[in-house]
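Given the coordinates of chain A, work out where chain B should sit on it, guided by the hints.
Chains as they are written, first to last, in my numbering: chain A, 870 to 1092; chain B, 424 to 884.
For the record, the hints were derived by calculation from the structure and aren't laboratory data. Wrong hints could be hidden among the right ones.
Beta-carbon label-pair distances, calculated as ranges [said to hold, decoys possible]: (1) A:967 - B:605: 24 to 32 Å; (2) A:941 - B:696: 20 to 28 Å; (3) B:832 - A:982: 22 to 30 Å.
This one's a predicted model, so the numbers in the text were calculated from it and none came from an experiment. Where is the CB? At the ideal position from N, CA and C, for every residue including glycine.
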Amino acid sequence: MGINSKPVVFAVLSAAVILVGTIVTVFIPMFMPSTQPVSKFVKPYTAVELEGRDIYIREGCNNCHTQTVRPLRTEVLRYGEYSKPEEFAYDRPFLWGSRRTGPDLNRIGGKYPDSWHYRHMQSPQGMFEKSNMPPYGWLAENPLDTGYSVKKIKVLQYGYSEKEVLAQIEEYKAKVTAMDYDSKDTRDQVTPAALRGGLTEMDAMIAYLQKLGRDVKNLEAAQ
Amino acid sequence: MSEAGYDYKVVRGFAFSALFWLVIGLVVGLWIAFEMFNPALNITPWLSFGRLRVVHTNGLGLGFGLAGIFSTSYYILQRLTRTPLAFPGLAKAHLYLFNIAIALAAISLFMGMNTTREYAELEWPLDIGVVILWVMYGINVFATLIKRKEKQMYISLWYIIAMTVTIAVLYIVNNLAVPVTLFKSYSLYAGANDANVEWWYGHNIVGFIFTVPVLAMFYYFLPKATGLPIYSHRLSIISFWSLIFAYLWTGAHHLMLTPLPEWIQTVAIAFSIFLIAPSWGSVVNGYYTLQGNWDQMRSNYLVKFFILGITFYGLQTIQGPTQGLRTLNAFFHYTDWVVGHVHMGTMGWVAMIISASFYYMMPRITGNDLYSIKLANIHFWLILGGQLTWTITMWVGGIQQGAMWKATNPDGSLMYSFLDSVTSLYPYYRLRFAAGIVYFIGILIFAYNLIMTARNRKVEA
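Pulled out of the complex, with its shape left as it was, chain A reads as follows (with noise of 0.2 Å):
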């Protein structure tokens, strides 16, 4: 075999082979509509729950849940419809997981107040005696940075004003510090006396979880 004795040509002939398939399967495909589909009833993140997602992927907690709902007539019994495509467009980069440890996540919102989240984030054990998940307490105890939070919207491409941005991150400032907040008690519990009057990492990853799923369930509802 004459290729055998020329390192170059081998190269270039291994690397038109392993092309191939990449090509027909990654390439292509990232042009085609059906890999990014869009609707109108999926909305991108604010820049809370954009801060959220952050807090969720710094802590790795796509490792344990997955946010893949499949077809399968019990998944949909347990977690709710199964995930649609469209769900994902602005998902930078996407979260589906690879095994749960824990449940599904992708139909979390709206399933429980916020009340309940700062209780379980803050002691999963309290609230499930065997559950192995960390407690993520700590996270009420460090104030949410929105400093890159413009930025961020901005790289993403969200389409949200600067102006948008801050209005989003006061607006939801305003909820968790109202009186009147539904869940007050429980985030009064866990945050620190001196954090309350701000955003908490913990407020925002509550955010990011409530707004899983929702969408879905607007865009069903036309259907």
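Frame of chain A, contents of chain B only:
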């Protein structure tokens, strides 16, 4: 420097780097295995499962795996070309920068700088570092090949070339991202498209780090250790080209029943099944190489590692395509079954072959006899027993969890809560941890044996 001016220092440096990252990666692995049934070990954010799991996978995949590949391939490259490394200074820089990069990678992951894309978790400045390291390696590979004194390139060199080219393509395409700060970026791709790119990468990075270069070691060190030529050169040619062709089509079997377009999933299933053939081409080639000489399983301590290693590779490449089938995947995906699958490949195939390769190389690059064949045998039995207990435990646990997720009452409602399925796994997690300890002791003996060999502490018989 050896008789022919070969650069063995870098081979040795990477071998001990591999051992170091192997021990670190396993300690982290044991820690997270314990967290799975005792969450009290999530003491600080740095030690919480979500951050540690990626330290474990990256530490072993990039730290141990890549260092093992660099060590053995620098050795194989020089021996098979009968040519010293083209740029020994570059190789030395490669060794130092590699260890700095892995250390920085571990620290950044501990700190939560993590893109979440599996096996590509490093943030963009480190990605650039990895690419630079890869170029440094590639320059030496190709320059040495071009200068070579041996005209024909043996099988192992094909696999090294294919790896060098493919990893570059995979790593660059998959890690394209838009930076926000020095420590944070967003993937260039979104949603289903991002998932497709990531698992094309994720599947093939496993293929081209944990399969292709390990086959290069297998094809080189098995004949060397046994004194027997590879059974069929033609079979190795067919296996090689069909393996590297088919591998790249199969990533989407990781995305079965997700919102990814169905045709991509189906193509992936078809090519996964096809992939059994070239994989078993190498398995058969390995077995037949020993025909008539199976007594070496007893008389030659290295042969056990190679044969059990290739056997686990064979089982792995049957199990993988099978669990990729849609119906079976619906049951097994997201359970510990898959975790067991991965670890048969890494703890069985990869670690067995790298162990034997290091045992073969170390006396030859240091000029010392192996410190203890007896310890090597103990190492073998501990990692074999540890790995089998580990993986079988996870398979059984995975079947149980999959069944509990699917179980329904006569009225059609779910029989078990999710938490029921988690707590039912704790006995398996305890056994898995114990098996991990056994495996870890085997690896410590391995490291000790090689350190003593390098120090020439063999006791005269």
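Hint-by-hint comparison with the structure:
no. : hint                      : verdict
1   : A:967 - B:605: 24 to 32 Å : 28 Å, holds
2   : A:941 - B:696: 20 to 28 Å : 22 Å, holds
3   : B:832 - A:982: 22 to 30 Å : 28 Å, holds
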